[in-house]
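These protein sequence lines map, in sequence, to chains A and B. The working numbering puts the first residue of the first sequence at 7, with every later residue one more than the last. The working numbering puts the first residue of the second sequence at 895, with every later residue one more than the last.
Note that these hints are calculated values from the structure, not bench results. All of these numbers come straight from a predicted model, not from anything done at the bench. The reader is advised that the hints may include incorrect statements.
[What the hints assert, rightly or not] Cut-off 20 Å, straight-line C-alpha distance, at most; resulting in silico cross-link-like pairs (DMTMM-like, lysine to aspartate or glutamate):
hint : chain 1 : residue 1 : chain 2 : residue 2
1    : A       : K242      : B       : E969
2    : A       : K242      : B       : D1147
3    : A       : K242      : B       : D909
4    : A       : K242      : B       : D1155
5    : B       : K960      : B       : D909
6    : B       : K932      : B       : E1079
7    : B       : K1002     : B       : E969
8    : A       : K190      : A       : D203
9    : A       : K242      : B       : E1005
10   : A       : K250      : B       : E969
11   : B       : K1002     : B       : D986
12   : A       : K250      : B       : E1005
13   : B       : K1085     : B       : D909
14   : B       : K952      : B       : E1109
15   : B       : K932      : B       : E1060
16   : A       : K50       : A       : E63
17   : B       : K1085     : B       : E1060
18   : A       : K343      : B       : D986
19   : B       : K1002     : B       : D1013
20   : B       : K960      : B       : E922
21   : B       : K1001     : B       : E969
22   : B       : K1082     : B       : E922
23   : B       : K1085     : B       : D1124
24   : B       : K932      : B       : D1059
25   : B       : K1085     : B       : E982
26   : B       : K932      : B       : D1124
27   : B       : K1085     : B       : E1071
28   : B       : K1085     : B       : D1066
29   : B       : K1001     : A       : E238
30   : B       : K952      : B       : D920
31   : A       : K242      : B       : E1060
32   : B       : K910      : B       : E1109
33   : A       : K242      : B       : D1059
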Amino acid sequence: MNNYHHKLIAVILFVALLLVICTSLSAGQYDLSFMQVVAWFFHKMGLPFLENINVTEQQEAVLMFIRSPRTVVGLLVGAGLAASGAVLQGLFGNPLADPGIIGVSSGATFGAVIAIIIGINSTSLVGLPISAFIGAVIAVSLTIGLATRHGRIPVLTLLLAGVVVGMLFSALTAAMLTIMDDHKVQQYLFWTIGSLDYRRWEHVFMGVVPISLGIIIMMLMARHLNILALGEAEAKAVGMNVTKFRLILLAVATMTTASSVCITGSIGFVGLIIPHMMRMLVGPNHRHLLPASMVGGAVFLVFCDAVGRMLLPNSEINVGIMTAVLGTPYFLYLLRKNMDIR
Amino acid sequence: MENILSARSITTGYDKNIIITNASFDVEPGEFIGIIGKNGAGKSTLLKSLRGFLPLVKGSITLFGKELKSYSQRELAVQIAYLQQQVEMTFDYTARDMVMAGRYPYKKWWEQSSDSDTDIVDACMQYTGVMELANTPIRAMSGGQRQRVYLAKVLAQQTHVLFLDEPASGLDLFYQEEIFRFCQEMCKYGKTVIMVVHELNLAARYCSRLMLLKEGNIIADGNPGDVLTDGLLTEAYGVDIRSLINKETGHVDIFTVPAPDDGRKKELIKTIIGDRHNHGKAVAYE
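So here's chain A without its partners, still in its complex pose (with noise of 0.2 Å):
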């Protein structure tokens, strides 16, 4: 894994992430060729290209109003959940590891369910996704509350405290569902499928700021993030108060995950794969690791959403679903690769 290579692999997600918004601008039941989103681009930056192909103003306000910002968002939750599930699997020096396996996801979840069964979801477009955050954090504080023992949060610990609260907070929305009325019932279903329907600015605006810093804040701690998964004895050994970068580190990607998580629904499978593929791509070294998957998460995520648009003519398939199917053989093939090296 030398320079050249890494260079080479950051061109070629570059070009990937250009290639996958137009698309991802062209793709849906509104006519617009991928051409037309290029042409576009060069008259709104002023450049005397394709000045022979025209946007309508219809095109232009569907491109401006309805994909753009659903494309936006696509970009931020996928790299968002990307790069939070690379921080875990460093983390947990597991790497299986997703940003579900701490409670975020079915936190998430509880805390949506209650804002639908509340009816705040249909009075405020902001309703939902705060209370969806609120749950995620409670969710998250309760596993690492539950793994704390004597200032230390011993990983397996941490992991299982993570499936136990997962478990309690889905048994809770189990119990919600079966009082909900139906067509409540129907909204949570919609929500739970991860989905970028509808989005709008006001979902990237929402989410622009939390997401954005945690990659920040992520990606200049990468090297920390190094030493915490050569081990918790090594990382005492250099003298790291491992503790509390754990607990810095758990916080920023919970922070990151829930913020995607509210505006989207849950969203499995970018948070596992994308950081695996990565590594093999750009070797496990967390200053390269961290950019490739947030780029990496942000392609995948938003070429998932296109192709659900180009598939079934006059219809969609949610975003959530696609990132499983793409995503289900590939992790049984890790497993599969995995169960061969034992």
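Keeping the supplied structure of chain A fixed, place chain B upon it in accordance with the hints.
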């Protein structure tokens, strides 16, 4: 000369399980100390408590005249490098990544590694002979290669004191001796090494001082020649041990004398071997 490290009647262990009782000793600069004793005698526990990983139940440890407790984790990592017995790696970190970890305590939290760090890391890898493995994942290496990478890592920490917990275990003869040679050379230039050792013959040749542990007590502490006696070794290991000077090499040879058979052993062997071996012929048990 001023002591680097002093232990004053320390008692320590894991939670309520006391392992080391009432140990006292001083360590001077340039010493190459081997901690010996049989499995479970408390060797690793002693090393861990000297590094501050285990809380003391009683007693005190001072490092450069200052209470060990008063050091922060980072200050300690600049004074003492510690190589643990087994390093479990989850990801494919390369040798360079690992050795670079040794520079961690020198950096402020926001700082990235600099060129001078790279120079030190390169020098350490060249010294232990793993430079050509710099970009190889540690998990893909043999035991001997790994151990030399870890040794480069603790050297990159540029500490006065090195703590090594069984660095030579499970290695080929050549690599074992090489690790002792590295340490001896480092001590010549003023570093102090405290090592948990199983290889008594090598310890006798390379260490400047040995500490013999039995059930958490230091029963002998001094020159290898004074510690490696028949009586002390037999007491510590619980089996009959002889230590002789090999006239040809001048080195100490240490070996065990099998316990006399009380007749029970033959019965056991009969059961284990059975009577179907010896190419069809009956096995002769005298």
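Results for each hint:
1. A:K242 to B:E969: holds (12 Å)
2. A:K242 to B:D1147: violated (38 Å)
3. A:K242 to B:D909: holds (19 Å)
4. A:K242 to B:D1155: violated (48 Å)
5. B:K960 to B:D909: Status violated; Cα separation ~25 Å.
6. B:K932 to B:E1079: Violated, because 27 Å separates the two Cα atoms, which is more than 20 Å.
7. B:K1002 to B:E969: With a Cα-Cα distance of about 12 Å, the restraint between K1002 of chain B and E969 of chain B holds, given a limit of 20 Å.
8. A:K190 to A:D203: holds (18 Å)
9. A:K242 to B:E1005: holds (19 Å)
10. A:K250 to B:E969: holds (16 Å)
11. B:K1002 to B:D986: violated (26 Å)
12. A:K250 to B:E1005: Measuring from Cα to Cα gives roughly 18 Å; hence the hint holds.
13. B:K1085 to B:D909: violated (32 Å)
14. B:K952 to B:E1109: Since the Cα atoms of K952 of chain B and E1109 of chain B sit roughly 17 Å apart, the hinted pair holds (cutoff 20 Å).
15. B:K932 to B:E1060: holds (12 Å)
16. A:K50 to A:E63: holds (13 Å)
17. B:K1085 to B:E1060: With a Cα-Cα distance of about 18 Å, the restraint between K1085 of chain B and E1060 of chain B holds, given a limit of 20 Å.
18. A:K343 to B:D986: holds (15 Å)
19. B:K1002 to B:D1013: holds (19 Å)
20. B:K960 to B:E922: holds (15 Å)
21. B:K1001 to B:E969: Answer holds: K1001 of chain B to E969 of chain B is near 12 Å, not above 20 Å.
22. B:K1082 to B:E922: Status holds; Cα separation ~13 Å.
23. B:K1085 to B:D1124: violated (31 Å)
24. B:K932 to B:D1059: holds (14 Å)
25. B:K1085 to B:E982: violated (27 Å)
26. B:K932 to B:D1124: holds (15 Å)
27. B:K1085 to B:E1071: Measuring from Cα to Cα gives roughly 19 Å; hence the hint holds.
28. B:K1085 to B:D1066: violated (26 Å)
29. B:K1001 to A:E238: Roughly 19 Å between the alpha carbons, so the hint for K1001 of chain B and E238 of chain A holds.
30. B:K952 to B:D920: holds (17 Å)
31. A:K242 to B:E1060: Between K242 of chain A and E1060 of chain B the Cα gap is close to 18 Å, so the pair holds against 20 Å.
32. B:K910 to B:E1109: holds (16 Å)
33. A:K242 to B:D1059: Judged against 20 Å, a Cα distance of about 15 Å means the pair holds.
Consistency with the previously given hints fails for numbers 2, 4, 5, 6, 11, 13, 23, 25, 28, ordered from lowest to highest.
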